[in-house]
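Colleague: Each chain, written out:
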Amino acid sequence: MSLLGDYFGSSFFELLQVEHPQLVPDLSAWSGSAGQMIPHGTTVLAMRFSEGVLVAGDRLATAGHSVASRDVVKVFATDSQSVMAISGAAGPSIEMARVLSVELEHYEKIEGESLELEGKANKLSQMIRQNLPAAMQGLAVVPLFAGFDGRRKQGRLWKFDITGGRYEEADFDATGSGGLYAREALKQGWHEGLSGPESVELAVAALTAAADEDRATGGVDLERRIFPVVKICSESGVVDTDEDGIERAYREILSRRTVNP
Amino acid sequence: MSMPFYVSPEQVMADKAEFARKGIARGKSIVALEYEGGVLLVAENSTSLSKIGEIYDRIGFAGVGKFSEFDQLRKVGVRFADVRGYQYSREDVRGQALANAYSQAIGEVFTREMKPLEIELIVAEVGDDRYPEHGANALYKVTFDGFISEEHGFCVIGGGFEEVEGVLRSDYREGLALGEALELGRRALDAGGDRGANLSEGALEVCVLERARLGRKFRRLSAEEVKGILEG
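Residue numbers (my numbering), protein chains in the order written: chain R, 1 to 261; chain V, 262 to 493.
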């Protein structure tokens, strides 16, 4: 039967590889100089708070020393209980987030139930491993993955390296060119039992700190009214923090800074 | 070597159709109904092996007959839709294309293979008010020989087909509320079986494609929800 095809499993990514190889994002043919030419996303962070997990990212993408885009989105809801934030080469990273979200939905529809959060993180790590040849050419994908674990009733987060190495972080992490500074800010401000609004404020503060020290990180742009994306994932699903909330948090930080420069 | 007996093509087809009909007649029925808020799918099914499934944002699937065969086709549908949606856009995945693909595949098995598929399918697509050209609901029925038809208002597949459709034909009207549609669906399925009693919520598999929902419009109703709707 022609419609049946050659693949009988539950993975969308494997389905593409077996039946539609032309649709698999393959970047391994790029030469080493590609890393300089294509846009890169910069700082993203994730942290656990009382009701789940928060994931945020600035909006700037750079190509070499130039701005490639000021309002790129680097934080994606991959399903109703998980979020992926990307840093590294923007094209392949965004494509990977897209494939992952189809993958999770596909599995859920084929099998009739969704993967455990750990299973989702593991799947992402396999996809990053597939991208290793391209990563060696400078097209690295180094995301953060976070979500609400329905069994443990808490938020969990993972960071990855270019080889697909998967490391669970207990409380928070940040990655990308400004990740170091953002992580420092998180280390200063994070404590157990952060409330939702407190965690939003801390996320904005950390991105602001990163934007201050790292020229490739965007931060809050009041002039153009471009705000970081802050997604909150809890038991009830994934929601975006509205721009007013982010602006309020940012103005709070600014006022404190003006008093005590 | 002896010559095989000659059997006319008409006879071959008639025998195959007879065989498939018998297989399908042994099973229970499924109804799909358009109601004011979308499309309702109701199956008589007390097991956890689903006969109704989600294909894509606006598309649902229902199958009767041999479980292994229609469940395989459900998965094929999910693969077809997900690849399309990934390759183009989510709005490009349409029920009609899927129903056509099913029709071709099932028809091909019917003509080429010794054993036809003992199944019938419904592909249900709910309209989306955000896009005028995607506003209408669509119900497609594909039978064991690959015959495809578009139905309006309601659609029935399975064993007690004639009795079930009889009830719907006399009592269905446009713009039913969810509760009314579910009650009608249950009454129609009652007519198809030879039990005579009201089917309880535990014996029904109920799914809806909700117009007003954003993104994935398919939702499976729990037994408690079904009970609540039927009593309320």
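Since the hints were derived computationally from the structure, they do not count as laboratory data.
Heads up, some of the hints might be wrong.
Unchecked claim - Quick list of the computed label-pair ranges, beta carbon to beta carbon:
1) G119(R) to T308(V): 23 to 29 Å
2) I226(R) to H413(V): 25 to 31 Å
3) S236(R) to F280(V): 37 to 43 Å
4) P393(V) to S69(R): 28 to 34 Å
5) I226(R) to F408(V): 53 to 59 Å
6) I226(R) to D353(V): 29 to 35 Å
7) D240(R) to D353(V): 22 to 28 Å
8) E411(V) to F8(R): 41 to 47 Å
9) E369(V) to G112(R): 24 to 30 Å
10) H413(V) to G237(R): 50 to 56 Å
11) G150(R) to F280(V): 44 to 50 Å
12) L132(R) to H413(V): 33 to 39 Å
As the list claims (entries may be wrong) - One-sided excerpt, in silico: chain V residues whose CB lies under 10 Å from chain R:
13) D276
14) S311
15) E315
16) Y317
Ideal Cβ placement from N, Cα and C applies to all residues, glycine included.
Colleague: Hint by hint, which ones does this structure get wrong, listed from lowest number up?
Modeller: When the structure is compared with the hints, numbers 2, 3, 8, 10, 12, 13 turn out to be violated.
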